[in-house]
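Protein chains in written order, with the numbering used here: chain A, 1 to 97; chain B, 1 to 88; chain C, 1 to 83.
Worth flagging that the hints you see were computed from the coordinates, not collected in a lab. Hints may be right or wrong, so weigh each one.
Said to hold, decoys possible - As a list, the in silico EDC-like pairs of lysine to aspartate or glutamate whose alpha-carbon atoms are at most 16 Å apart:
1) A:K32 to C:D13
2) C:K11 to A:E64
3) A:K46 to A:D70
4) C:K82 to A:D70
5) C:K11 to A:D76
6) C:K11 to A:D70
7) C:K66 to C:D44
8) C:K11 to C:D69
9) A:K36 to C:D52
10) C:K82 to A:D65
11) C:K11 to A:D45
12) A:K51 to A:E72
13) A:K51 to C:D52
14) C:K11 to A:E72
To be verified - Here are some chain C residues the structure puts well away from chain B; computed CB gaps all over 12 Å:
15) T16
16) S24
17) N32
18) G60
19) K66
Beta carbons: idealized from backbone N, C-alpha and C, even for Gly.
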Amino acid sequence: MAEVATNPSVDVTGKQEEVTISTVLPLEIIDKSIGKVVTVLLTTDKEFTGKLVGFDDFVNVVLEDVTETDSEGNTDGPVKIMLLNGGQIAMISSTED
Amino acid sequence: MADVQPQQKQEEPLDLIRYQLDETVLVKLRGAREMKGKLQGYDSHCNMVLSDATEYIYAENQDKPQGKSTDMVFIRGDSVILISPVAE
Amino acid sequence: MSEVSSNSSIKTDPSTFLSGIIGSKVSVKLNNGVSYVGNLQSIDGFMNIVMDTTAEFIGGAASGTKYGDVFIRGNNVLYISKV
């Protein structure tokens, strides 16, 4: 409560992007897909399609209303909400704009 | 400064293996193998040492697994799938 | 901590999700296709998991194997979902 946060390092108003860096960070792309339906492709030839609700720096991903599809096209689900381990994620693509 | 967060001393999964020390556990391993034995020790990689252990190897063409007994065995953590206490 | 907050209203990041499902009935699917359904006792950053009253499912069907307590090593975990 009483902590008045006088950390000198945050006084610089946090704007490091003033040098107009045009690079788009990969995680920003994922962040823009939050709330949208995405397809997550795994290294194991499986894929998961569902609404992206969150992720972390390891790209562990929280999905809603998920369908799992294996390499032969068999589907499983829908699963209401799941945390997908980032360890085997190869690619995440948004299926709507 | 006394309590920064209401950190309710959440037990981590590995803490729960500690309760199995000196007890008989079943360790499911990669490659359709299981190992049952008394847990002597383990580390954060799930490397473990079991005593009076029996290894069960499941082959596709036979129902009953083949059993192999060992006095003391070291299991490398990367092949561990799950660990469960067995009532004995 | 405050750089990315564009969609914060509908965001559930993994740690929020996990703390919300501790104590509930979950299904954990492993990379080898086997699933475990039980009560989630505890989980850590490696996705090491401890569950109790756990049943094993192979190919969607109960294998008949039940575990009182079970520790699952995180590297085998494909996903964890609330059931």
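Evaluation of the provided hints:
1. The suggested pairing of K32 of chain A with D13 of chain C holds, with an alpha-carbon distance near 14 Å, which does not exceed 16 Å.
2. In summary, the hint linking K11 of chain C to E64 of chain A is supported, as the alpha carbons are separated by about 11 Å, within the 16 Å threshold.
3. As the CA atoms of K46 of chain A and D70 of chain A are separated by approximately 4 Å, the hinted pair is consistent with the 16 Å bound.
4. Between K82 of chain C and D70 of chain A the alpha-carbon distance is near 21 Å, which puts this suggested pair outside the 16 Å criterion.
5. At roughly 25 Å between alpha-carbon atoms, K11 of chain C and D76 of chain A are farther apart than 16 Å, so this suggested pair is violated.
6. Pair hint K11 of chain C plus D70 of chain A does not hold up; C-alpha atoms about 27 Å apart against a cutoff of 16 Å.
7. With a C-alpha separation of about 23 Å, the suggested pairing of K66 of chain C with D44 of chain C is violated against the 16 Å cut-off.
8. Annotation: proposed proximity of K11 of chain C to D69 of chain C is violated, straight-line Cα distance about 32 Å (limit 16 Å).
9. Proximity of K36 of chain A to D52 of chain C is assessed by CA-CA distance (about 34 Å); at most 16 Å being required, the pair is judged violated.
10. A C-alpha spacing of about 11 Å is found between K82 of chain C and D65 of chain A, which places the hinted pair at or below 16 Å, so the restraint holds.
11. As the CA atoms of K11 of chain C and D45 of chain A are separated by approximately 27 Å, the hinted pair breaks the 16 Å bound.
12. Taking the CA atoms of K51 of chain A and E72 of chain A, the gap is near 23 Å; set against the 16 Å cutoff, the hint is violated.
13. Simply put, K51 of chain A and D52 of chain C have alpha-carbon atoms about 29 Å apart, too far for the 16 Å limit, and the pair is violated.
14. Restraint check for K11 of chain C and E72 of chain A: the C-alpha separation of about 32 Å exceeds 16 Å, so the hint is violated.
15. With 12 Å as the threshold on Cβ separation, the claim that T16 of chain C sits away from chain B holds: the shortest Cβ distance comes to roughly 15 Å.
16. Consistency note on S24 of chain C: stated as away from chain B, and its beta-carbon is indeed over 12 Å from all of that chain's, at 15 Å minimum.
17. Interface exclusion of N32 of chain C from chain B breaks down, the closest Cβ pair being 7 Å apart, not more than 12 Å.
18. Residue placement check: G60 of chain C keeps its beta carbon more than 12 Å from all beta carbons of chain B (closest about 19 Å).
19. The claim that K66 of chain C is not at the interface with chain B is violated, since a C-beta of that chain comes within 12 Å of its own (minimum 10 Å).
In summary, the numbered hints that this structure violates are 4, 5, 6, 7, 8, 9, 11, 12, 13, 14, 17, 19.
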